[in-house]
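There are 2 protein chains.
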Amino acid sequence: MDETRQLAEYLVTSRAEDVPSDVRREARRSILNYLGCALGGSREPAVDAAIQALGPYSGPATAAVLGRRERLDPLHASLMNGISSHVHDYDDTTPGNYIHPSSPVASALFAYASQSEVTGRDFVHAFVLGFEAECRVGNAVFPAHYDAGWHITGTAGVFGAAAAIGRLRGLPAPRMVWALGLAATQAAGLREMFGSMAKSFHPGRAAQNGYAAALLAESGFTAGEHAIEAPRGFAAVQAARYDVSRVTRGLGVDYDLRVNAYKPFPCGIVNHPAIDGCIQLHDAHGLTGDRIRQVRLGVAPLVKDLCNKQRITRGLEGKFSVYHGAAVGLARGRAGLDEYTDAAVADPEIRRIREGAVADADAALTEDQARITVELTDGTVLEKFVEQSLGNLRKPMSDGQLEEKFRRQAVRALPEAQVEDAIALCWRIDTLADVGELVRASVPEAERAETVG
Amino acid sequence: MDETRQLAEYLVTSRAEDVPSDVRREARRSILNYLGCALGGSREPAVDAAIQALGPYSGPATAAVLGRRERLDPLHASLMNGISSHVHDYDDTTPGNYIHPSSPVASALFAYASQSEVTGRDFVHAFVLGFEAECRVGNAVFPAHYDAGWHITGTAGVFGAAAAIGRLRGLPAPRMVWALGLAATQAAGLREMFGSMAKSFHPGRAAQNGYAAALLAESGFTAGEHAIEAPRGFAAVQAARYDVSRVTRGLGVDYDLRVNAYKPFPCGIVNHPAIDGCIQLHDAHGLTGDRIRQVRLGVAPLVKDLCNKQRITRGLEGKFSVYHGAAVGLARGRAGLDEYTDAAVADPEIRRIREGAVADADAALTEDQARITVELTDGTVLEKFVEQSLGNLRKPMSDGQLEEKFRRQAVRALPEAQVEDAIALCWRIDTLADVGELVRASVPEAERAETVG
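Taken in sequence, the protein lines are chains A and B.
For the first sequence, numbering that gives the first Met the number 0 assigns the number 0 to the initial residue and increments by one for each residue that follows.
For the second sequence, numbering that gives the first Met the number 0 assigns the number 0 to the initial residue and increments by one for each residue that follows.
Don't take each hint at face value.
So, partial list: chain A residues that the calculated Cβ filter (under 8 angstroms) puts toward chain B [to be verified]: (1) 51; (2) 180; (3) 225; (4) 340.
In short, the hints are calculated from the structure, not lab data.
Heads up, the beta-carbon is just placed ideally off N, CA and C, and yes, glycines get one too.
Only chain A is shown next, with the shape it has when bound in the complex (with noise of 0.2 angstroms):
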C-alpha cells in the first residue's frame, strides 16, 4: 500500500519523450479545447464577482487571466481560469469518472506559464502528468465518490494541479508525495453546488490550492505519506468503496487522455444526439427557419425525464430543452454559446418550432442516438437517424470542429485575428520556446501589447 509515493515517484521521473504521440495529440486537442472554454467564459458575471471579491488580496499581478485585462497573482490568476473554463459547462469530461479534466490543470499550467518561461515540451508533459494523476486518483475513487455527491471535478481536481506545478517546480520525490498529501486534504466540491456559480469555482479552486500544495511541499512543509491509499486518506475517506490499485496500474502505459471527450453543445450532453441530428438536416438541405412546420424527435427515455422544457424564457432553461436544442439546429446550423442566450431563446422563430416540437422517449434508443423527423413548409419531409452522437468516444470532434468551437468562443473576449494566432499557436505548442507566447495571444489587445512591452 504505497501508492501514493509510487505515483509520486512515476510524475517526477517520467521524461517527455516517454509520452506517445498520440496522447501527446489528445493533449493538444484538450489543451485548445481548454483555452476556448476559457475565453468563452472569461466575461462571465462568475467571473466578474470573483475578481471583484479577490483582486483587492491578489498578490503580485505577474500572471495573466486568460481572456481578461486584469493581472492577479498565478494563484489568484488559476482560480479565475478554472472558474471561466468550466462556467458553461462546456469544457472536456472523461465519460469513466465523470471528471473535466483539463480545466483544474491547465488553469494552473497557464497561469505558471503567464510569469514563468516553461518550453512548450515540458508545459505539455506536465499537462499530461497532470491529467493522469487526476484521472487515476478519480478512477479509484469512482462511481462511489460521485454518486455519494463530490464533484470530483474539484476534488480530484486537486491532485492534477498539485502534479503539474509540483513537476515544472521540479519537486524530489518526498516532495512530491506531500504536495499530493496537501492536495488530498484539501480535495473538496459538494454536487449540491450545481446550478450556481461555485460549481465553476470547483476547478478554480482546485487549480489554485493545488498550485499552492506543490509551493508549500517545495518550501518543505509536510503532510502525510499516504495520503491516497491510508485508512484516514483520501480513498476511505471520500468513497464508500474504492480501489487504489487504480492510481498506479498501467502507469505510463494507459493514459486517460485517449479516452477524453469534448462537448460540441453547451448543454445537457443527452440532448446532443438530437442537436447533431438537426445541424446535419441543416447543412445538408440548407435549412432555414422559415422553411420548417414540424418536428419530431425519437429520444432515449433519459431525455425526456431530464430535458423536457418547452416552454421557456431564459437561455439556462434552453440547456434542459431538447425541443430549443433541435430548434437551434434546423434553423441556424448550429448550437454554441450564443444559442443558449435570453435573445436565442426569445427568437420568434426558435420559439415557434420549439414550442410546435414533439419528442416521443423510445427505450430502443440508446443515449448516444436520436431519431429526427422534420416537415417542411413545402410538404418535404426529412429524416434522420443519429446512430453515434458527434463528441462521444466513438465519434469524436474533429480538429477542425474543435477549432470551430474555439473561434466561436473565443471571439467573446478577443480579436479574430488573435484567434486565429492562438489556435495555430495551440497546434504548435510542443514546439513553443516559452508558453507565454500563447498566454499573450489569449488575452486581450491592449493587455497583450502592454505585457510584450
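Once you have looked at the hints, place chain B on chain A.
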C-alpha cells in the same frame, strides 16, 4: 429542511446584547487562550515554511501575522494564524465534537481586525457566532464524520470563519447562505495528516477559505442554497449518520462556548491526569528532580495504548510519553512547551526519572483520573489520586492558569512587558474601541512601532 437558511438568518440578526454574559466571559477566555497559542506557535518551522512558500504570493500586506514581523494580506494572515495557533496542539477543544474551535474563527478575525477597525464588542460577537456556527455544523455530523477520518477542525472550521467574517462584513441573509455554501463546498482536511505540518494547515486553510467565502458571497458569487442539509450537501456527503436538526436546535439559547475546554499541557490529553497530579505533588512538597527515586503511575488502559513511549530522544516523542509528563511535572512543576523540547527530553535528571518510572493500566480508572506514587531519596512515599484532571469541563483552568499558559507561550514571540499588555487587553477586549490595539500588542515591538507610526 431549511437549516442553512435558518442558521444564516440567525447569524445576521443576532445582537451582541443577546449573548449571555457567561458566554461572553467564556469567549474572552477562549480568545486569551487562542492568542497565547498563536504566539507560542508563531516561530515554528511550519509557519516559516508556509510564509516562505506563499509570502511571495501575498496581496497588499495590510494585515499582521500574530507573533511575527512579516505582514501579509488578511487571507494569508488568516492561514498563518491558523497554523501558529494549532501547531503545538495546545489550543482549545470542545469535547462533544472534537473540534479545536477557536483557531479557524479567531485566526480569520484577528487578520480582519489587523486591517479594518472593529470594536471589541463586534469582534467578540462575531467570534461567538462563528464558534457556534462551526460547532453546530460539527455537532450535526459528529461522531460519524470524525470516525470516518475527517479532521473536523478543518471541515467544520471553515463554516465558522465564513460566519464570523460574513457577519463583520454585514452580509444580508441571502448572501450569508451563499457564504455558508461556499464554506461547505471547501470543507476538507484528512486525519491522515496527523503527525505532519498539514494538521495545523487545516484550521489555517479553514480560516482563509471561510474568509474568502464571505468575500465572494458579498460580491454576489452564488452557491447552493441548502449546503448543509441537501441530499448532496455537507452532512449527507461527509457523514454516514447525521442530524441536521442540531444545526438550529436551541439557536441563541444553547452555546457550545459553555462546553469549551483548554489544555493545560501541550501533549496527548490522556496524559493530563498524571501530569496534573505530579505538578500538585511538586507544588505541595517543593520537589526537585534529585529528591525523586522512583515513580509509579496508575492510569486508564488507553494511556498505555497511546502514550507508553519511555526510551525517547525527541521532544515530539515526549508528547506520547506519560512517563515524561510525570517526570517533568514532578521535577519542574510544569509541563509547558519548554518541557517538550529535545533538550528537555535529554535532561539527565528527567531522563533518569522517566526511564525508571512504571505505569500500570487500571480499568477502574477513568480517562480523567490517575494514581501517583512517588518514592523520594529519603525514603518518604508520596501518594496522589487525581479525581478530575485539570482542564476538563468539571475542573476548568482558572483565569490565572490561562494567563500563566499565555505568558509561557507568548514570551517566545514578544518582549515580556508586551505580554502583560496583551493579557490585559484580552480581558477587556469587549470594551476596546478597536481590536487593532490588541493586534498591535501581539506582534513584535519593531513591527508594532511601524504599524502604530
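Here's how the hints hold up against the structure:
1. Taken as an interface hint, residue 51(A) checks out: its beta carbon lies about 5 angstroms from the nearest beta carbon of chain B, inside 8 angstroms.
2. The interface hint given for residue 180(A) is met, as the beta carbon of that residue sits about 6 angstroms from the closest beta carbon of chain B, less than 8 angstroms.
3. Using the Cβ-Cβ criterion of 8 angstroms, the hint placing residue 225(A) at the interface with chain B is satisfied: the shortest such distance is roughly 7 angstroms.
4. A cut of 8 angstroms between beta carbons decides the hint on residue 340(A): the least distance to chain B is about 19 angstroms, and the hint is violated.
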